[in-house]
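My request is simple: use the sequences and hints to build the entire structure.
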Amino acid sequence: MSSKAQAPLRGPARRTARALARTLQPALVYVSDEQPGWQRVRRGRGFAYLDAAGRPLREREALQRIRRLAIPPAYTDVWICPQANGHLQATGRDARGRKQYRYHPDWQAQRDADKFERMLEFGRALPRLRARIRRDLAAGGLAREQVIATLVHLLDTTFVRIGNDEYARLNGSYGLTTLRDRHARFLGGALRLKFKGKSAVVHEIEVDDPRIVRIVRRCQDLPGQELFQYLDADGTPRSIGSADVNDYLREAAGADFTAKDFRTWHASVQALERLARCTAGSPAEARRLVREALAHVARQLGNTVAVCRKSYVHPRVLACFVEGTLADSLACAAGRHGARVPAALRAPERRLMGLLQL
1 MSSKAQAPLR
11 GPARRTARAL
21 ARTLQPALVY
31 VSDEQPGWQR
41 VRRGRGFAYL
51 DAAGRPLRER
61 EALQRIRRLA
71 IPPAYTDVWI
81 CPQANGHLQA
91 TGRDARGRKQ
101 YRYHPDWQAQ
111 RDADKFERML
121 EFGRALPRLR
131 ARIRRDLAAG
141 GLAREQVIAT
151 LVHLLDTTFV
161 RIGNDEYARL
171 NGSYGLTTLR
181 DRHARFLGGA
191 LRLKFKGKSA
201 VVHEIEVDDP
211 RIVRIVRRCQ
221 DLPGQELFQY
231 LDADGTPRSI
241 GSADVNDYLR
251 EAAGADFTAK
261 DFRTWHASVQ
271 ALERLARCTA
281 GSPAEARRLV
291 REALAHVARQ
301 LGNTVAVCRK
311 SYVHPRVLAC
321 FVEGTLADSL
331 ACAAGRHGAR
341 VPAALRAPER
351 RLMGLLQL
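Each step along the sequence shown adds one to the number in UniProt numbering, with nothing skipped, and position 18 is 18.
Check the hints yourself; a few may be wrong.
Unchecked claim - Only pairs whose alpha carbons sit at most 27 Å apart, straight line, appear in this in silico DSS-like list of lysine-lysine:
(1) K260 - K194
(2) K198 - K310
(3) K99 - K196
(4) K99 - K260
(5) K196 - K260
(6) K260 - K310
(7) K99 - K115
(8) K115 - K310
(9) K198 - K260
(10) K115 - K260
(11) K310 - K99
(12) K198 - K115
(13) K198 - K99
(14) K196 - K310
Unchecked claim - Taking CB as the label site, the calculated pair distances span:
(15) R58 - R287: 40 to 48 Å
(16) G224 - A95: 27 to 35 Å
(17) A95 - P283: 38 to 46 Å
Because the hints were derived from the structure by calculation, they are not lab data.
Bear in mind that the values here come from a model prediction, so they are computed numbers and not experimental data.
The beta carbon of each residue, even a glycine, is placed where N, CA and C say it ideally should be.
Written as structure tokens, this is what we have:
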């Protein structure tokens, strides 16, 4: 197979490569779609593939790998990694112009494993983070810290996604940072948020915490359509994006956490609580109860059961239940690690922390 030598990575891409190389499985290499790659071009009713020098690809192994990637026909500007062990295998633009990615299965599995492994650290950081949120909620004046703390509190209590400007613009789907004034209503002393989220799932959330209701009401009174804005030193309303929230999380928690970690944490807590109340008489019944627990969590998060199983609920929770060891594991964790679990966590969260420390 013939192709141009890949151009060296420079600047931020090179620093990213160095950081990620430490976490990649040995068989994988970090690549970027800014480097020379293969192209997909239309030929009649199908497609042809060109190497980085523009020559037709004819090697059977290469073409089979491309077919396995299952790149949708509607994608344009398709880039395909020439290396079978590249962590990123392909990119393309969907019908709405959004960039989509196809990763190597081993890379995706490693990312999922890393995410679940840091859940223990996230649980340890939660009391510190929540204490910071309480302080910032009392800041007053719709200061930046107060409004971001409001968003993080809602992440922690409603399990809603953080939001993405591109999805709001192209799809009309929203998350917390992209909500508009029209999505919030006040009924008595409560706040009701109603909006269409990712995958057209309609979310209806009621918040009765007086602090949050008061702050959101004041945000809604500011000029402009965006619901969550803060006032700078000059009293000018300023927008808040997902990057601002994630920066706040990293600084307040003292570790590299993001808004999505809340959804993973709470999905695992909810699944554990539901399964801890169940008893399975057979492996088939255990699998059925797991599916029911995942369906419950999926409804809370606005996800599918498959996505919840793969990306949100910690695999140890499900494995212990299917193996019939969950009750004993929780009892063992309470006795062995009870003193090492932060007392400030809620009781269901302490049970998850204990299980993860076994």
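*asked:* Name the hints, by number, that the structure is in violation of.
replied: none
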